[in-house]
Every structure is written in structure tokens, then in C-alpha cells.
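Novice: Next come the chains, spelled out residue by residue.
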Amino acid sequence: MPKRTDIHSVLIIGAGPIIIGQACEFDYSGTQACKALKEEGYRVILVNSNPATIMTDPEFADRTYIEPITPECIDKIIAREVEEMKRLKANGKLVLLPTLGGQTALNTAMALFRRGTLDKYSIEMIGANAGAIERGEDRQVFKDLMISIGLDVPLSGTSHNLEEARLVAEKIGRFPLIIRPAFTLGGTGGGIAYNREEFDEMAKRGIELSPVSEILVEESLLGWKEFEMEVMRDRQDNCVVICSIENFDPMGVHTGDSITVAPIQTLTDKEFQIMRDASFAVIRAVGVETGGSNIQFAVNPDNGRMVIIEMNPRVSRSSALASKATGFPIAKIAAKLAVGYLLDEIRNDITRETPASFEPTIDYVVTKVPRFAFEKFPQADPTLNTQMKSVGEAMAIGRTFKESLQKALRSLEIGRYGLGGDGKAWRIGEKVYGDRDILPREVIAPKLSVPNAERIFFLRHALRAGFTIEEIFQLTKIDRWFLTQIKEIVDFEEELAATKN
Amino acid sequence: MNAELLTKAKSLGFSDRQIGHLTGQTEDAVRAERKKLGLVPSYRLVDTCAAEFEAYTPYYYSTYDRGDDEVKPSDRKKVMILGGGPNRIGQGIEFDYCCVHASFALKADGFETLMVNSNPETVSTDYDTSDRLYFEPLTLEDVLHIYEREKCWGVIAQFGGQTPLNLALSLQKNGVNIIGTSPQSIEIAEDRKLFSAMLHKLKIPQPPNGLATCEAEALAVAAKLSYPLLVRPSFVLGGRAMQIVYDDAELQHYMRFAVEASPERPVLVDQYLEDATEVDVDCIADIGNFYYPNQGTIVIGGILEHIEFAGVHSGDAAMVLPPHTLSERIINTIREYTHAMARELRVVGLMNVQYAVKGETVYVLEVNPRASRTVPFVSKAIGVPLAKLAARVMAGKTLKQLKFTKEVWPQYWAVKESVFPFNRFQGQDIILSPEMRSTGEVMGLDDDLGVAYAKSQMAAGGPLPESGRVFISVSDSHKGEVAEVGRAFAALGFELVATSGTADMLEKAGLKVRRIFKLAEGRPNAVDLLKNREIQIVINTPSGATPHADGVKIRTTAVYTGTPIMTTLSGAKAAALGIAALRRSGYGVKTLQEYH
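Protein chains in written order, with the working numbering: chain A, 1 to 501; chain B, 1 to 596.
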């Protein structure tokens, strides 16, 4: 099916300023989309208030508005552009592509839909329509939908005030409980409550921060394994998995704050295929007609129960990572699918031979490690939870997990040249230990059980201090396969050190 | 060292630094040993198909699972661009923007461009951006391997922020051709002693200052200067551990707990210029491309006046381009100093200077002969791609050839505002300081300064209210100026709300104020009003060195309730100007293409 000829101009909303949870990955995806749509001959109108982006360079769009990304302001832009198109005697319509500018663009597009701007000017949303966005973003609607297609979800309920929230908590029946505000970015205002007091406080704050005053209270899946699938769909219902990602840190740590590994390392092929089928079922049920989505799963390590946690009906941080990990340009392809192409009609730039309907295959391991900045916020609590706190990430590629992990760690710009053994001292609170010192067990244990920015390095300390893999697993719930890999690095460090003199 | 052991170490991802430390050798010795054994990495393609089809886009990673090296031969002149690594506060997208521009410009000039970076979020690591992409760590070991494997002609290290800059000298020592301003010039700018000597020679004033490698030295310097002092470690970006100290006790605490001072990395101690206006200048020059130092061209890209007083990190401050309060004379002095320093440092490419203006004196705070955080903003404000021009100058062109020889002075206003992650770090005070904490920035453009400022606030997520109540609480040192701000808001029809001290001052100035309790005095207090959304904007300036717990509570509550808050009086004045402009005429929108 060729591209649509009824479209004249495409309005793209960017992600605005870089904030935690929404960084330059949306400049990457937006820039690709602008290029792809211009290439196809559409007139591209871009709104983004962030001047440090490549996408706002004047040559990437026909009309670049460095203006605030607010519904009111975009309303003015649309009115102006509709006039401009009349003046140009444009033969075709203005459409809105809302899925490439992160949560900001999605929320703003929904606000434009709700205030009637899109109707008033007959502007169609391409990529994902308002219904699909709502089904993907409204947690209760999404859960009901998942249950209706036979997929498992965590026990939960939505609430709009503290009384409702307490009722839901009672129904689930045990702490800890997860609080997730609806329609906030990177989980802002969410958290894990271990007791009633914390629960009340977080529930109130979550309701306040949610633009629709709604939170989801959910059964805790702490310690479960977490996975992500990046999938794409075209309007003939062809679906492909671009990349599978495994979180090294189990559930409880925001995926943006977690070390992640692609492809998935610890599932059997059968488990992986079940997850792949489920991913397609999700994207179809939600009804993302064209483009990419990110679907998150949790698996109970004790019994294999698999639940769907959430889906993002848009290009996300993970899709940027998946693109870099595989070489498959998700945002560019998503833009082309949105204007009518099919996956098998789009050529893969890298091979120039295979179509975009070929699922990428990778023969290496990719590791992403988050970069934190707690040194800048000494008064704040450095515990990692469901609210993202990292400010950046480094990715590395190697032929084994071990190689890629050590490369990623030395990419972090924190003065480390790998997992350890590089001569740099360890500062823990007020105390300083030498690089090769064996740390006391009582210092190590809490750093394993409570997720924190340095936990990866404490796995090394723990192994060197004589913790067994089983003990570490009980404290961290990090899959034993990963722990075994780390042990190999640590054991070899000792072997190397033994050759000294 | 045992070849088998070394091979295994590399295949497990150990760096030369780790191997060296563990086996008691230097990193250089390990590298030399490896090269003797021929133990270097292979480069493989990221090709979407596990090598089943041929790949045309050269996107590489290194591995010690050797054999099958897939680097494609090429005889073109290659320029390597070093990226910035993972985003962090102080080093963000601005530097990636510059790297991408360097690649675009040099590609267009016929060079083969190689990008090296480890950040998956960026445009620089799109396989489309450069001729070749190496997804690799930015360490000496990894970069040298690529440079040697690809036989590059030159390396651009001044665009990716502090990461590549820290590598520049050691790369050069290993025979790498660093193009653009020489690493020696960069060192002059970063080394406090050399820098002071240069300013002395050029007769350019800088705030009185000294160096300290330990606590005793710091106290000795402090005795010569007078408090408050601005203290910071050398060689960092983003104002890491940069602080204003008000007495000996604070200085001692700083030296003991906040920094690791050493003779190689001394702490810089500067006289802090209270209530000075800070100015950032970005310029471009091609001086080093000429034999005689009096030849070549220097062009100022933009002069940005900070809205907050000097001492707020330039990455956190709001800025206005062109300057809105500086006199012609001051601007000319700034021009003159900028030109003198660019010439003296024989700059090839970009240079950023930070000035503080106090009274009629212009002081130089800092010079960075490299791309700065404000380059993208300035480029968009003036409609000239400075980073592209700079890359072409670094590769040998002159500014005359590129036809950029005249400063651009826009006929509209561009305001930069910073965006902070305080809502993520509960309990963290939000007072702006010399330590940078913003994650991003927005731009407000308009013919009217007030509207441009108002747009920047809207874009940053804290739109200015057009009516309602303003809560004002300022420190004693600001009470003299508070009447002016209060009058401006009262004139706009806002109801003024204040606690006793500030209320007294406002009433003395003849303004009507609603008095409320301080937090300890009773209820309802400012926090209650904020939570009930009865306050539309907060003006709260911190008092002295250690902020009062009350102030912290009020500021953090403002953040959680999403109430716009100004923590400086200059910010508050700008807000009043913005509100007045919005009420006068609203705002319109306009494309960048129409501005330029």
C-alpha cells in the first residue's frame, strides 16, 4: 500500500526541555521522523521549545516553532498553519503525529483532542488515535482490556481520593503496594509504600500530581524479573518484534534506572515465544494502528507467572535503546508507517536488501547502565524505586555479557574503568575503602537489599567478601545467571591480582 | 605478563587500567605489551541480521572475540569526533548538538567523519549522522585503538564537553592530531596560574583569587581576600562541588568534606562578587590557522546577560540575548576583552567567556576555549550555525572564506530558561547556587522582552499567572529592594501576601499587604495557602549561608504544588515584566524560518 496522498502537512510535537525521564532520545526520534517525512515530500511543521535539539535546526522542518508546548500555544500554531495552508492552496490535509515526542507530546495531543481543537480544524491523529492512546495510558482501561484478551495483570484498582485508595489497598490485602499516578511522566509521584503511613502520603501526592487526579494502587511485584518488548505494527496488521530487553535489576526499580540487557538472556525459547505472542496481542488489542510500542512484562521467578505491567503506545526511551542496539531505526520506520507504508514496503537501510518486516537478529550482547547524579542532591533519598532518578545512560556492545558490562561501566564517566580493580577508592558515606579492600559484610548487605546507584559494584564487594550466589540472590533477586557472570569477572580479577610480583 | 592471561582478561572486558592496577604496571605498559603481542580488538558491524546479509552502514563495536574484523577500507581524509558520553547534569544534549553539527559540516566539506560515543539516547549515535559510527567508551584506550585502526587525520575534542577535553592531552602525547585550538591553550585557560598570568599580561581584571591544595592554604588565601568566597575544584564541568562560603568554619568544612584537593588538583578560591551581573559570551575565531598572531578573524556569536546575579551557575541561570541592561560602554569592554583573549589563546573554533559586571568594572570569571552549553541557543537566536562554522574552521577554513565576519545583533529577544528535576528529589532545597542542577533548557522568542520571558516560563512548565495572589518573603539583605517588586505586582492587581518582616517593608512603602503566620507562629501559614492553591506565585529569596528550614519548606511545597517560584529578586522583576506584557497584548507565535 503506497503512502497516503491526502496528507499535505504533518505537525510533529517535540518533547520540550530535557528532564529526568525524557531526555534527548526524543530528539533522536523526532529528528528521524522529520527527515523521513520530508523525504516523502510532506510539509513538516514542528513545535519544540528546546533550542538544544537537532530537530529544531531550521533545515529539518519546513516550519519550526520554538514555542511553548502547551495546548493553548499549539492551538495558536494550528490556527496559523491552517490559514497558511489556505494561502498555499494546499491540496491535502493537516495531520498530527503525536507519538514521537514522549509523554509530553502525547499528553498535549490528548489535551488538544479534549478541548476540541482537533475536531474544529478536522485534524486527524496519525500513528495512534485518541482511543488507542487512552487505552494504553489509562491504567484501569488497559488492565480490563488485558484481562479480556486472556492476559494476566497485577491485582490493582484505581482511585481518585484517599478513601478509595485505602479500599483498594484493603482489597489487595498486603504491603508493599505500588502507587502509580495516571498520565505522569517517568512515573513522577509514584512509589512503593511499605506501611500505611507511607501509603497515605504517596497516595495523596500521586493524586495531586496526576493531571487527571487518579492513581493506580497495585499488588507489589517486587523481586519479579522484568522484561520489555519493542514491537511495531503496520495498518495491514503485520507485527514484528524489534528487540527484547531484560532488566538486570528486578521489579521495583524503574526501568530507566535499571541496568538492562538486550537480547533477553534468561528465558527459554518457549517462554520468549509466549512473550512475543502476548506482545502482538497487546498492540492489537490497544489498537495502535501503526508504529512502535513498548510493552513491559514481569515474571515471577518462583513459578513463572507472567503479567503485563504496562505499554507505551509511542516511541520511548527503550525504543531509542532498541534502535541503537539492533541498528533498526524505529522512529524513522514509525513515521513511514504512520503515513501509510507497510513494513514489507520499507527497505532496511543497513542491508539495502531486506525489508523492515524482517525481525532484527543480533549476535552480540548490549548492556545499558544508568548514570545518576545524586552528588548534586545531597539532601534527597538515593534509594531507587519506581520513580526514575537517573539523568543519563551509557550503552556498550560486546560478544558476551561480561565484555559489554565492563565496557558500559567504564563508559559511565564516574572515574571507574570496569567493575573494580582499577585503583579508585570506594567512598561509602564518610568512610573510604581502598579499591582492593574487602568490605565488612554488614556494610555490604544493606547495599544489596535496598536498590541504589552503586549496587552493581556491591555485587563485586559481596562476592569478594565471601557471599555466595544464593545469598546475593536472596538479598537482590537478581537472576542467578547474571550473578554467575559477575562472579566470573570477580574470580578472574583475583587471578590477575595473584600475578602481581 | 602471560599472554594467555592477558587475552582472557581482555575477552572478559577488563580495561588496561584495571589490568595495570591489578598486576602492578602502568596502563601504558599494558598497552605496549598488548600491541607487541598483536592483542588489539576486532571491530564488528551492527547490521540487524547477524551477518546474514551484507551491511552498508558502518556502525561498529569492538570486541576481543577476535577475527572477522569488518572495518571497510577507505582512503579519504578522516576526522574523528569525540562525543560526550552519558548525559549528566552539566553535560547534556548541547554538546551532542555540537558534535552532530561538526559531523554534518565536515561531511559536506568532503571529509570522512567518524563519531565515537557511548550514549544511546543521542542523535550523534544515529548511524545516519556520520560516515562511520563507533559505539565505544570514551577512554584513552578505546579511542586510541579506533584512531590507529582507522588512521584518522585529526580528532575534534572541543565539542563533546569535558569528557573528550580531559582526554585531549593524553591523546596528543600518544601521537594523536588534535585539531582546533591546541590542548596547550586549553590548559592555559584551565590552569589557574597560567590563566592569571595571561590576564595580567592583557591587563584584564579578574576577581582577587588564590589556590589551595589543603585546608591551611585555603585559610591563608581567605585571610588575604575577604568573605564571601567562591570555592571550586579545578577541571570540572557543571560546577561540581562549587560553593559560596561565608566564613572560616564553612571554608574548613568545604575543604574537609566537599572536595579532594591535591597539588595536581588544587581548589580555586575566588573573591565572590556580590550582586554583580553575569554575562556569557560565545565567540568563534580562526587565529591559529594563521602564521602571524595579528591575522585572522574573531566574531562574537552572542552576548548573553544573566537574569540571576553572578554566583548562580551559568547552566542554571536564565539569560537574555541581546543584553537588556548593559550599557554600550560595558558591551564594548566585553568585546575588547573577548577579542584580546581569543587572539592570545590563538583560538581555532569556539570560545566561551564568563564575565561579571560590577559597577563599571568588567571582570573575567572563566574562559573555555571550546564549545559551550549555550552554543545551540545562540546559534538559534542569531540564525547562524556556530558549531558547523567552528568545525570547518578547525579543519582549515578561515572565517573570511566562510563569509562569517560580522557580529549579528538580533532585533528581537531570546530568553533561555533552565528546567530543574527538583520534583524527583523530595526534600532537596531548590535554591540556585554555583553548583549546576538543571537538566535542560527552553527558549522564549519574541519582539517584546516581557513576552519572551513569559514564553520561556510557559515552556519550562511554570506559566506565569495573570492575576491572583503573590506570596513574598525575602531575606533581610533584600528587604531594601522588595518594595519595588511589591509595587510592580500590586500595580498588576495582585494581592500581596507576606509574613511580618517583609510585610513591614511593604507597608512602609505604602502597599496593602495581607499578613500571614510564619510556619512556627500558627496556621494558616504559607504552606497551607500553597496547598490550597490560594497562592499563584511565590517570591522567596534565601537568607544567608544556611537557609532557614521554613524557607526550604515553602520552596519545596511550591515545587510540589506546581506554583511558579522566583528565588531571586531579578527573577521576580522579570516575572512582573512578563505578566504585564501578557496582560497587555497576549502572545503570538512565529517560526524560526520567519525570524531569520
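These are calculated hints, taken from the structure and not from any lab test.
Please note: incorrect hints may appear among the correct ones.
Said to hold, decoys possible - Sample of chain A residues lacking proximity to chain B, with all beta carbon distances greater than 12 Å (derived): (1) GLY30; (2) GLN140; (3) ILE147; (4) GLU471.
What the hints assert, rightly or not - Derived pair list, reagent style PhoX-like, types lysine-lysine, alpha-carbon separation capped at 20 Å: (5) A/LYS500 with B/LYS8; (6) B/LYS8 with A/LYS204; (7) B/LYS590 with B/LYS553; (8) B/LYS590 with A/LYS86; (9) B/LYS35 with A/LYS204; (10) B/LYS107 with B/LYS72; (11) B/LYS590 with A/LYS487; (12) A/LYS38 with A/LYS93; (13) A/LYS38 with A/LYS76.
Glycine included, each C-beta is placed from N, C-alpha and C at the ideal position.
Novice: Checking each numbered hint in turn, tell me which of them this model violates, lowest number first.
Specialist: 1, 6, 7, 9, 11 and 13
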